[in-house]
Amino acid sequence: MQPLKIYNTYTRDISLFTPISEPFVGIYLCGPTVYGNPHMGHVRGPVVFDVLHRYLKHIGYKVRLVRNITDVGHLVNDSDEGEDKIAKKARLEQLEPMEVAQFYTNAYHSMLNQLNVLPASIEPRASGHIIEQIEMIETIIANGYAYESNGSVYFDVLKYSKNNDYGKLSGRVLEDLIAGAGNEVRELEGQEEKRNPNDFALWKKAGPEHIMQWSSPWGNGFPGWHIECSAMSKKYLGAQFDIHGGGMDLLFPHHESEIAQSTACTHQNPANYWMHHNMVTINGQKMAKSLNNGIGVDEFFAGNHALLEKAYTPMTLKFFILQAHYRGTLDFSNAALQAAEKGLSRLLAAHQTLQNITPSSASTIQVDDLLNKCYAALNEDLNTPILIAHLFDIVTNINYLAAGKQTITAEDLEKLKTGYETFVFDILGLQAEKSNNNSHLDGVVKMLLDMRVEAKANKNFALSDDIRTKLTALGIEIKDGKEGSSYSIN
RNA sequence: GGUCGAAUGGCCGAGUGGCUAGGCAAAGCUCUGCAAAAGCUUCUACAGCGGUUCGAAUCCGCUUUCGACCUCCA
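In this text, residue positions in the first sequence follow numbering that gives the first Met the number 0: the first is 0, and each later residue adds one.
Please keep in mind that the hints were generated in silico from the structure rather than gathered at the bench. Take these hints with a grain of salt, some might be off.
Distance ranges between label pairs, derived from CB positions [claimed, not checked]:
| id | residue 1 | residue 2 | range |
| --- | --- | --- | --- |
| 1 | P207 | H439 | 54 to 62 angstroms |
| 2 | N142 | A431 | 48 to 56 angstroms |
| 3 | R345 | I19 | 40 to 48 angstroms |
Derived lysine-lysine pairs resembling DSS-like cross-links, with alpha carbons at most 25 angstroms apart [unchecked claim]:
| id | residue 1 | residue 2 |
| --- | --- | --- |
| 4 | K341 | K445 |
| 5 | K469 | K455 |
| 6 | K478 | K458 |
| 7 | K372 | K56 |
| 8 | K414 | K372 |
| 9 | K455 | K445 |
| 10 | K372 | K416 |
| 11 | K4 | K61 |
| 12 | K445 | K478 |
| 13 | K285 | K309 |
| 14 | K404 | K372 |
| 15 | K458 | K469 |
| 16 | K234 | K56 |
| 17 | K167 | K4 |
| 18 | K341 | K309 |
| 19 | K404 | K414 |
| 20 | K56 | K4 |
| 21 | K404 | K478 |
| 22 | K56 | K416 |
We treat Cβ as the ideally placed atom computed from N, Cα and C, and that holds for glycine.
Using the sequences and the hints given, assemble the complete structure.
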């Protein structure tokens, strides 16, 4: 088993990953709220945690990955009178609330498929676990850490913090939170029902305008934002599991509250390792609706957004994300994306080259050393940029081998092939781009390339160059190689 | 205002005390009828000012700039 070290937000250090019950690993990821099309901010989490998922499996763990779908309980905006976010959208579109949730769940799955992200073991929906959430709330009340007020149930943060470190995960001090820090006072609905402004809702009373509501011991309502993750992680992974992941924006209050709820219910901190990926910016600015720079995933792949110079493929996006470490911010720009696009194609081209290497009686390159460096990079808190740097070292060596500047034995060659494919395809989850050429076009272009070869053979360079120039003008680039000509469509 | 984090070469982005990633771009070379593609080579940076040290991008302090979060709200 590889010694994987990961950064734990809870302890704020990098430590060796040790599962509770080897070889089993339980992971819970906070999934999307399905009320809109996935945008660029939604892709990073799935991609970085996919590498974690794939790597754990590769080094021999049996992983259960749970990623929820949030389809209840979120509000449209502050001006809204507490109407469920999904219900609001449903009314506008004249659709059933669950139809809206399903529509955007499908869109999310489509994105994951395009990015070649492995499916979750279990993908529970909040709306399908109302009973579990109610039971958990009842236990928390029975344990004395929550109270009912006017049909809603709130978590008693002050009481909890007497015996527990509320704020440890997100690095907050409750006294500071209570003080309010002097910023503008936010108008939160139901604030007067709370014993303390820091208390958060476990269950919220629903008015008649709520299309999505359920009956409960406290009347009709819907679950609070945080309780679904606590209830579903407990159900499928147990009161205590290995890794809980999500975006840094969820640190507070979401994950902090999860810890408080779960601890108040089960007397255990739910997760041993808390992992958080950083956020995405574009051209140095944060993505925000007000800046009109939020890019939908579909727009990104189609290239039809004002900030995009061209379309980028899912694999380019994935490779681009993995070229940065997951705990740093990541800036989108056309220049950076095009750099990633070219780098990726070089990485994939080397895989093709590797297939044509002829073995020798001796190796002049150190295959074990090259591959061990790749493992070491991932073991150091999933450092994919370092891994990719080492893969490019391998690329250079592959090209040396192809040029005859280095030699390799058959045994080492096999090891190199297997290792390279393991890292590129199995662990990073990259794949060759699907060719979207239709067979008619392919046949026509190949015919023109054949004619060009013939013209060149006859020293009719005027004709051969004419074919090249006209194809280039159509966006078809000719690449002459030793083995003949190929082309790509730009 | 508070808390946390970040500032690296033309661009992106690793690196936590000496051995100074990687990708893209650029330049040179190889290949080639020419060009492109592909491959090889080259390109020594760490926001500013102090300090610690034999030695700092890396540790400490201050300054500047930027980002995330600050409770039902993506």
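Consistency of the hints with the structure:
1. For the pair P207 and H439, the supplied restraint of 54 to 62 angstroms holds, since their beta-carbon distance comes to about 59 angstroms.
2. Taking 48 to 56 angstroms as the suggested C-beta distance range, the pair N142 and A431 conforms, at roughly 54 angstroms.
3. At roughly 41 angstroms, the beta-carbon separation of R345 and I19 lies within the given 40 to 48 angstroms, and the hint holds.
4. At most 25 angstroms may separate the alpha-carbon atoms for a hinted pair to count; K341 and K445 meet this at roughly 24 angstroms.
5. Distance check on the hinted pair: K469 and K455 sit about 16 angstroms apart at the alpha-carbon level, within 25 angstroms; holds.
6. Between the alpha carbons of K478 and K458 the distance comes to roughly 19 angstroms, so the proposed pair stays at or under 25 angstroms and holds.
7. This hinted pair checks out: K372 and K56 have alpha carbons roughly 19 angstroms apart, not beyond 25 angstroms.
8. Restraint check for K414 and K372: satisfied, since their Cα atoms lie roughly 14 angstroms apart, inside the 25 angstroms limit.
9. Between K455 and K445 the alpha-carbon distance is near 15 angstroms, which keeps this suggested pair within the 25 angstroms criterion.
10. In summary, the hint linking K372 to K416 is supported, as the alpha carbons are separated by about 16 angstroms, within the 25 angstroms threshold.
11. Distance hint between K4 and K61 is fulfilled; the C-alpha atoms sit about 18 angstroms from each other, no more than 25 angstroms.
12. Distance restraint check for K445 and K478: the Cα-Cα separation of roughly 12 angstroms lies within the 25 angstroms cut-off, and the hinted pair is therefore satisfied.
13. A hinted pair counts as satisfied when its Cα atoms are at most 25 angstroms apart, and K285 with K309 qualifies at roughly 21 angstroms.
14. Between the alpha carbons of K404 and K372 the distance comes to roughly 22 angstroms, so the proposed pair stays at or under 25 angstroms and holds.
15. At roughly 19 angstroms between alpha-carbon atoms, K458 and K469 fall within 25 angstroms of each other, so this suggested pair holds.
16. Taking the CA atoms of K234 and K56, the gap is about 22 angstroms. The hint holds against a cut of 25 angstroms.
17. The hinted pair formed by K167 and K4 meets the criterion: a straight-line CA distance of about 21 angstroms does not exceed 25 angstroms.
18. Between K341 and K309 the CA atoms are separated by roughly 14 angstroms; this keeps the pair inside 25 angstroms, and the hint holds.
19. A threshold of 25 angstroms between alpha carbons decides the hint, and for K404 with K414 the separation of about 19 angstroms falls inside it, so the pair holds.
20. Taking the CA atoms of K56 and K4, the gap is near 15 angstroms; set against the 25 angstroms cutoff, the hint holds.
21. With a C-alpha separation of about 24 angstroms, the suggested pairing of K404 with K478 holds against the 25 angstroms cut-off.
22. Between K56 and K416 the CA atoms are separated by roughly 20 angstroms; this keeps the pair inside 25 angstroms, and the hint holds.
The earlier numbered hints are all upheld by this structure, with none contradicted.
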